[in-house]
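Given next are the chains, with one letter for each unit.
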Amino acid sequence: MDQSLLSTVGDKLKTQFGAGIISSEMIADYPVFIVNRDIIEQVVKFLYHDETLAFQYLTTLAALHYPDNKGHELGVMYQLHNLQKNYRIRLKIFFSSNDPVVPTITSVFSGANWMERQEFDFFGIIFSGHPNLKRILNVDDMNYHPMRKEYPLEDGTREDKDDRMFGR
Amino acid sequence: MSQIEKSKIEVVPSPPGIEGPGFFATRIDKAVGMARANSLWPLPFATSCCGIEFMATMASTYDLGRFGAERLSFSPRQADLLMVMGTIAKKMGPVLRQVYEQMAEPRWVLAMGACASSGGIFDTYSVLQGIDRIIPVDVYIPGCPPRPEQVLDGIMQIQKLVETESIRRRDTPEYKQMLAKYNIE
Amino acid sequence: MSKDDKNTKSELIEKEYSTLNLGPTHPATHGIFQNVLKMDGEIIMDAESTVGYIHRAFEKIAERRPYYQITPLTDRLNYCSSPINNMGWHMTVEKLIGIEIPKRVQYLRVIIMELARIADHVICNSVIGVDTGAMTGFLYIFQMRERIYEIYEELCGARLTTNIGRIGGLERDFSEKAWTLLDKFLKDFPKELKEFENLLMRNRIFMDRTIGCGPISAERALNYSFAGPNLRAAGVDYDVRVMNPYSSYEEFDFIIPVGTNGDTYDRFMVREQEMWESVSIIHQAIEKIKKEPKGIFHADVPDFFLPPKEEVYNNMEALIYHFKIVMGETEIPKGEVYHAVEGGNGELGYYLISDGGRSPYRLHFRRPCFIYYQAYAEMIKGAYLSDAILTMSSMNVIAGELDA
Numbered sequence: 006m007d008q009s010l011l012s013t014v015g016d017k018l019k020t021q022f023g024a025g026i027i028s029s030e031m032i033a034d035y036p037v038f039i040v041n042r043d044i045i046e047q048v049v050k051f052l053y054h055d056e057t058l059a060f061q062y063l064t065t066l067a068a069l070h071y072p073d074n075k076g077h078e079l080g081v082m083y084q085l086h087n088l089q090k091n092y093r094i095r096l097k098i099f100f101s102s103n104d105p106v107v108p109t110i111t112s113v114f115s116g117a118n119w120m121e122r123q124e125f126d127f128f129g130i131i132f133s134g135h136p137n138l139k140r141i142l143n144v145d146d147m148n149y150h151p152m153r154k155e156y157p158l159e160d161g162t163r164e165d166k167d168d169r170m171f172g173r
Numbered sequence: 789m790s791q792i793e794k795s796k797i798e799v800v801p802s803p804p805g806i807e808g809p810g811f812f813a814t815r816i817d818k819a820v821g822m823a824r825a826n827s828l829w830p831l832p833f834a835t836s837c838c839g840i841e842f843m844a845t846m847a848s849t850y851d852l853g854r855f856g857a858e859r860l861s862f863s864p865r866q867a868d869l870l871m872v873m874g875t876i877a878k879k880m881g882p883v884l885r886q887v888y889e890q891m892a893e894p895r896w897v898l899a900m901g902a903c904a905s906s907g908g909i910f911d912t913y914s915v916l917q918g919i920d921r922i923i924p925v926d927v928y929i930p931g932c933p934p935r936p937e938q939v940l941d942g943i944m945q946i947q948k949l950v951e952t953e954s955i956r957r958r959d960t961p962e963y964k965q966m967l968a969k970y971n972i973e
Numbered sequence: 133m134s135k136d137d138k139n140t141k142s143e144l145i146e147k148e149y150s151t152l153n154l155g156p157t158h159p160a161t162h163g164i165f166q167n168v169l170k171m172d173g174e175i176i177m178d179a180e181s182t183v184g185y186i187h188r189a190f191e192k193i194a195e196r197r198p199y200y201q202i203t204p205l206t207d208r209l210n211y212c213s214s215p216i217n218n219m220g221w222h223m224t225v226e227k228l229i230g231i232e233i234p235k236r237v238q239y240l241r242v243i244i245m246e247l248a249r250i251a252d253h254v255i256c257n258s259v260i261g262v263d264t265g266a267m268t269g270f271l272y273i274f275q276m277r278e279r280i281y282e283i284y285e286e287l288c289g290a291r292l293t294t295n296i297g298r299i300g301g302l303e304r305d306f307s308e309k310a311w312t313l314l315d316k317f318l319k320d321f322p323k324e325l326k327e328f329e330n331l332l333m334r335n336r337i338f339m340d341r342t343i344g345c346g347p348i349s350a351e352r353a354l355n356y357s358f359a360g361p362n363l364r365a366a367g368v369d370y371d372v373r374v375m376n377p378y379s380s381y382e383e384f385d386f387i388i389p390v391g392t393n394g395d396t397y398d399r400f401m402v403r404e405q406e407m408w409e410s411v412s413i414i415h416q417a418i419e420k421i422k423k424e425p426k427g428i429f430h431a432d433v434p435d436f437f438l439p440p441k442e443e444v445y446n447n448m449e450a451l452i453y454h455f456k457i458v459m460g461e462t463e464i465p466k467g468e469v470y471h472a473v474e475g476g477n478g479e480l481g482y483y484l485i486s487d488g489g490r491s492p493y494r495l496h497f498r499r500p501c502f503i504y505y506q507a508y509a510e511m512i513k514g515a516y517l518s519d520a521i522l523t524m525s526s527m528n529v530i531a532g533e534l535d536a
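Sequences listed follow chains B, V and S, in order.
Letter by letter, the first sequence follows residues 6 to 173 of our numbering.
Letter by letter, the second sequence follows residues 789 to 973 of our numbering.
Letter by letter, the third sequence follows residues 133 to 536 of our numbering.
Any given hint could turn out to be false.
Chain S stretches covered by chain B per the calculated footprint, using a threshold of three residues with CB under 8 Å from any CB of chain B [claimed, not checked]:
id, segment
1, 180 to 188
2, 343 to 356
3, 364 to 375
4, 478 to 492
Hints were generated in silico from the structure; no laboratory data involved.
Quick reminder that beta carbons are idealized off the backbone N, C-alpha and C, glycines included.
This is chain B alone, in the form it adopts within the complex (with noise of 0.2 Å):
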């Protein structure tokens, strides 16, 4: 992964997509596009059809939760992966924390079906067309969504333990 392969598929994205890519740099050795939410399912479409990226593989996804960026609290990465020619790029989408809705890519990626679930489970995102949104690795009457910052990791009802004594 170097420079090269970040003005590739920079310009590919630039000129297919214009001002929808809001911006590109290098993090680490990862090429990273910050894209607008609205458009990613097309993105990742035309990154998986065209002949030169075909970038088909979905390494994984994960989402991000900023806090402090008002109006962009929330945030969902996906990595990409070309395993012939060893590309992998990153894509970041960013969205305010009261409209947490994303278009799912479960049409390109079957694979990510689970993943967009789990992220669901986790931080509240709606993934718009997918088709079983459900809690998957919490418990079914949960009625918060654990991994945002404003939650504690402790079970606040147990009473066996003192916080205390364990410095929380």
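With chain B's structure known, arrange chains V and S on it following the hints.
Chains V and S alone, transformed into the frame defined by chain B:
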């Protein structure tokens, strides 16, 4: 015909009693206790890493079969000893409870590992902090995961409990009170 | 009765499917996850999986623990091969900080990781045998796993959840006893593995049972983001050790075994061959270590690697470093890094965002088991119930990695 030296094979000692030609008289609870303790049928409720250490205990080096626990029962109706091995999450709690309630008396519970005893290193919103929140436990085996020798020690403690238990224990009001504390009928 | 009459008669009979709950507690599922199957007699029409019965909130815990305390957490992901997870975490943090690890340490890490890979594949293959009814192979080959446990005990003190290594290297050098145990293992393991293979590999019953059971094509596997032996059995030769080499894997000479159909027999064979490759890699690593200067087991980074205890008691500088590291006052640089290692099940990835504090800001685990278990419903459509059990055990689903 090869002679097996009797001194090398240790069998379970018989309880104190009166022996004669063709008969052996002892107290019934001692006989029942000896029979129960040396033929426990465990139900391995293996959820995570402790389950792999249990597999190692069942394998040839630390053979659990020599304690009489060779026949693992996966059906609660046929099991004596519920061995809970691994983390029990809150999602799994009702399942564990259902399995415990389906077991027939007399039944014993062994909590193996730190996660089953008290939640272990996972002090989080989704992990049950010890299975004794939902079912009564007889022996706790600490460790993360406990060595097979520790598991065998725990089984031997269960055997001691089983051997010395009074036959009428399950009908006493104290036992019923303890079950009522867990809301078990 | 003519053929047309028979057909109309069968159309009139309403098909009613029965529901079978392959519940969380089941003797044959190795781990706790639930599958509700819709069955037409013995054939499975549809399946719905429920996971999360051992959800322990690793990603949330990781936001509270300092970097060195997350290693025991990573142990419990794929607990059958925990050293690989540990090493992956250490390499991620070293990538974030920008530390260069000496060659000898890298080769020692390779030995530890390949032993873990052998241990993981031993469990998976012997359990495939158990699920077809062959208990003997399991009992014999598990003894080899005991030998690996003895080696780990000598290196780090623990058998299963090893917490091996430190950020910047290993906590202690391999002792003489560890080398002796390793040599003895390398002498005995090929014989035992050959015996295990003779039992199952060309066994008519085993082959009839497993060929064609739970297949998946390469295109569907790639679309589901499979990785590891499951993907290689489907025909795609993707191995993180070759594509993005870490810890000097590019200097080692090994082949990637690849199957054709993606069915259970191919997965079994891929894992068997990978065990042989791992033995060869360990031999090569031992040869390479002999050429390196002796005694190096960590990088020279006093900011992150605890100084030896004798210096802490006598030397002021070492005491200050020790204090800063343990209390978490060292400066971890800000950054965002992704590192993947080839775990027992495939690409195990760590996505780490650091904001300069004692604990990570966000740590996401790319867990291969979670990702490929989604395809299980598709793989068992139209199969018999016993084939479904066999498919599940051949995919090597470890509950700890599934739920995290």
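So, going through the hints one by one against the coordinates:
Restraint check on the segment 180 to 188 of chain S versus chain B: 3 residues with Cβ-Cβ distances below 8 Å, three needed, restraint holds. Figure legend: the segment 343 to 356 of chain S, annotated as covered by chain B; annotation consistent (4 residues with Cβ-Cβ distances under 8 Å, at least 3 required). With a cut-off of 8 Å between beta carbons, the segment 364 to 375 of chain S has 3 residues touching chain B; three or more are needed, and the interface restraint holds. Coverage of the segment 478 to 492 of chain S by chain B holds in this model, with 4 residues showing a Cβ closer than 8 Å to a Cβ of that chain against a need of three.
The earlier numbered hints are all upheld by this structure, with none contradicted.
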